[in-house]
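J.: Here are the chains, one letter per residue:
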Amino acid sequence: MTFDTLIIGGGHSGLQQGIALQKQGRSCLIVSTGESPRRFRDPEWSQEVERHRFEDLGGFWLEDRVLGGEFSGTNEGEILNRIFTESRGEKALDAEQFILATGSFYSGGLMADPEHVWEPLFGLDVFFEGGHKDWVRPDFFAPQPFMSFGVLTDAEGRVLRAGRPVLNLLAYGSVVSSRCAR
Amino acid sequence: MLKPDAAKPKAALLFGSFNPLHEGHLAILRYLAEHRLADELRLVVSPQSPFKQGQGLLDNAHERLDAARAAVAQTGLPVIVSDVEFDLPEPRYTIDTLRHLQRTEPDKEFVLVMGGDNITALDSWHLADELLRDFEIWVYPRPGTDAQPYVDAFNARPCVKGVKYFKDAPQNNISSTEIRARKVLTYDVIIIGGGITGVGVARDCALRGLKAVLVERDDLTVGASGRNHGLLHSGARYAMGDPESARECIAENRILKQIAPHCIDACDGLFVTLPEDDLGYQQRFIDACLAAGIDAAAIDPAEARRIEPSVNPDLVGAVLVPDASVDPFRLVFANALDAAARGAEILSYHEVRGLRRDGRRVTGIDVWDVRGKQEKHLEAPVIVNAAGTWAGQVAAMAGARITMYPDKGTLLVFGTRINQLVLNRCRPSSDADILVPSDVTTILGTTSQRLEPKEIPGARPTPEEVDLLLAEGSKLAPALLQTRILRAYSGIRPLIALDGAEEGGRHISRSFVLFDHESRDDVPGLVTIAGGKMMTYRLMAERTVDLICRKLGREVVCTTAEVPLPEAIARPERFGGRVICECENVREDEIRYAIDQLGARTLLDLRRRTRVGMGSCQGQLCALRAAQMLPEPDVRGFINERWKGIYPVAWGEAMREAQLAQWMYKEQNL
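Keeping their order, the protein sequence lines are chains A and B. Position 60 of the first sequence, counted from 1, bears residue number 60 in the numbering used here, the numbering being contiguous throughout. Take any residue in the second sequence, note its place counting from 1, add 182, and you have its number in the numbering used here.
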């Protein structure tokens with residue numbers, strides 16, 4: 001079975017994209033670990049309700065953990081050919097278009113050690129500055145630099161990998177640096 | 183012109199609680215007597231004033247009555263002190279008492295005497311119209327109130343018998359409320375400081391039958407007592423450099439395990455030698471421990487790895503010692519509760535504003551009751567300065583000089599209990615060489631940095647200290663690097679310079695000092711107990727109270743080494759109700775208990791009494807729930823306080839919590 005779009009992450013952003021694309025007649029697969037935090041800015045939001053909406057529109061839902069992907073290079077940029085998951089092993093998933101909606105630190109879409117911030121699935125380019133001393137402010141209620149960290153995208157919302165755009169991988173939601181968010 | 187009624191003799195009545203009767207009252211009685219305005223003067227003592235309940239000096243109504251009688255007798259004025267209200271049923275309104283008197287003494291005419299400050303509110307009195315219609319009212323002036331417009335207004339009304347204003351009567355700038363504020367409360371001992379030392383002294387005093395009061399400007403445990411690594415030393419740490427401290431530690435270690443088992447996890451400890459350390463140090467260390475009376479035994483590295491799997495597997499030597507882990511919050515509250523149960527007063531949120539002096543002698547303190555918003559005056563023949571880091575400031579108020587060396591130590595709390603035994607490096611003391619298991623967490627300490635006094639209020643952990651702690655601490659237990667850090671925190675060691683060493687080559691001790699300022703500085707009445715460690719608080723208290731007893735000539739033997747401490751903070755399984763804090767399993771009933779029995783008013787108070795907010799969510803999930811139950815919900819301050827410990831360690835799992843906190847609290851109007 002093939003899909004037009006494969007969405008990684010079944011939280012607020014992933015479901016929002018999935019529902020919009022299904023309505024446009026594109027066939028979507030969402031790969032989700034099944035856990036999503038509640039959406040803090042919208043307490044009414046329910047992952048379960050939105051997932052049913054998505055499936056009622058013909059979308060497919062797969063509970064699995066994405067481990068990584070296989071890329072190839074072209075002159076214009078990189079192409080994500082397929083992704084590997086925990087339970088499918090060698091049986092990779094492919095699609096024309098991929099969407100990354102894995103969330104930020106809280107959801108594991110971003111990770112940090114004292115010196116680095118990284119995107120764990122594909123090693124995408126991430127915006128962060130300095131070491132952990134520079135990421136925070138002593139006053140909780142002051143703007144906190146780390147809240148702006150996330151993957152970098154080009155003007156079309158395509159993620160970057162070693163400075164080159166990944167032509168068929170868009171990023172949505174809190175995984176994207178607020179500097180690039182549209 | 184006032185003329186006594188020829189038909190009926192007039193009895194003028196001055197009502198009040200007279201708590202106490204003061205010169206202002208007597209002045210108006212004297213004025214009425216001298217001007218022969220009434221045939222009879224009576225003070226009607228009310229058994230209680232419904233507006234002043236619980237504020238009285240003389241809480242017993244009969245004491246007030248007797249005191250009023252004695253005061254009147256001294257003046258020689260022809261005044262009857264009446265207890266008529268003592269036998270009247272409640273509620274006792276003035277009109278009821280007047281009616282009662284009319285019935286029982288029909289041949290007299292009763293006049294109500296009141297201050298100009300009372301007439302202003304007369305309309306709100308029970309049956310005020312009836313009172314004005316049937317009884318004459320005499321008003322005497324009170325400072326700050328112009329009663330004339332009120333008097334005129336009442337007299338302009340129909341059916342008013344008459345309100346008379348004795349504008350020329352003497353005004354006395356005094357009130358019972360002010361006198362109560364000036365009243366001095368007396369004790370045998372006043373203790374300044376609500377850390378472990380202060381509560382230890384208070385309990386020891388109470389056990390020896392001394393009437394003690396402890397004042398603390400904030401909450402108990404806010405200083406070093408609540409900000410340490412909770413290590414119950416065996417003394418091994420000090421065996422090489424400070425054998426005296428080592429001997430004190432092992433003796434107290436054994437005593438505390440007996441009297442406070444509920445505060446202690448007797449887990450034992452290991453001193454490990456790593457390949458980079460000098461293994462020759464180990465034998466010298468063991469010899470020093472044994473000489474100090476500490477059971478220390480070398481064990482095989484393989485055996486060390488077996489009993490403590492988290493230890494660095496490359497270790498080349500290990501020594502087993504009787505170190506343990508202690509819950510400092512429990513220990514402080516256990517001492518405070520027991521002291522209070524035995525008659526001591528524990529006044530937290532009472533700030534010392536000044537010392538009361540008689541020449542060079544310190545006779546008492548003026549304190550500001552922060553929550554009650556009033557000044558109080560306490561006196562005692564002995565005042566104990568147990569202010570820890572701030573002991574220098576307290577001594578300075580008395581003109582005595584002691585030099586404190588505040589020293590900042592930063593520690594890290596890890597989200598799981600990594601080690602079962604206390605882990606120490608077997609080498610001369612250095613940064614980050616102690617790892618103490620603390621209930622379900624592990625605490626890594628510490629750094630050491632001398633502070634100037636002005637730096638104390640802003641002392642916080644820095645990211646640099648965190649990096650140092652991790653780099654060194656992970657050599658003891660490599661798993662630290664993979665374990666979530668809950669928070670970082672800093673405490674101030676209240677180190678003190680020994681006498682005779684204050685100039686030049688400063689000798690700073692980890693041991694304690696007890697200064698009798700009478701012999702040291704010619705300041706009788708003041709004693710300072712400072713320095714030392716949580717470990718030796720009981721011994722510090724014993725020595726202090728021994729000195730107090732000698733000063734008071736009341737030699738009573740200390741029993742704190744034998745009498746067990748009560749369980750201050752009851753075990754969670756005893757409490758029911760909704761779970762408020764999942765991480766620490768704190769239920770509704772425990773929070774009520776902390777509010778009602780342990781005096782918690784804010785979230786920070788609650789944390790120190792119940793561990794609310796100290797677990798893996800660091801208060802993010804429970805703060806709002808708990809705040810709803812508290813008299814002073816201070817969510818914003820609480821979250822910022824928790825943030826102080828999170829931001830220096832914001833990476834890995836702590837980063838997730840940091841982000842969650844930002845989402846949850848930032849956009850709310852706190």
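Please note: incorrect hints may appear among the correct ones.
Unchecked claim - Computed cross-link-like contacts, DSS-like style, restricted to lysine-lysine with a CA-CA straight-line distance of at most 30 Å: (1) 290/B x 346/B; (2) 133/A x 848/B; (3) 558/B x 393/B; (4) 393/B x 733/B; (5) 349/B x 192/B; (6) 343/B x 290/B; (7) 393/B x 190/B; (8) 133/A x 826/B; (9) 190/B x 349/B; (10) 133/A x 657/B; (11) 636/B x 133/A; (12) 393/B x 192/B.
In short, the hints are calculated from the structure, not lab data.
J.: All the hints need checking, so say for each whether the structure fits it.
T.: Right, here's what the structure says about each hint:
no., hint, result
1, 290/B x 346/B, "holds (19 Å)"
2, 133/A x 848/B, "holds (21 Å)"
3, 558/B x 393/B, "holds (17 Å)"
4, 393/B x 733/B, "holds (14 Å)"
5, 349/B x 192/B, "holds (20 Å)"
6, 343/B x 290/B, "holds (16 Å)"
7, 393/B x 190/B, "violated (55 Å)"
8, 133/A x 826/B, "holds (13 Å)"
9, 190/B x 349/B, "holds (25 Å)"
10, 133/A x 657/B, "holds (23 Å)"
11, 636/B x 133/A, "holds (24 Å)"
12, 393/B x 192/B, "violated (50 Å)"
Of the hints listed earlier, those the structure fails to meet are numbers 7 and 12, in rising order.
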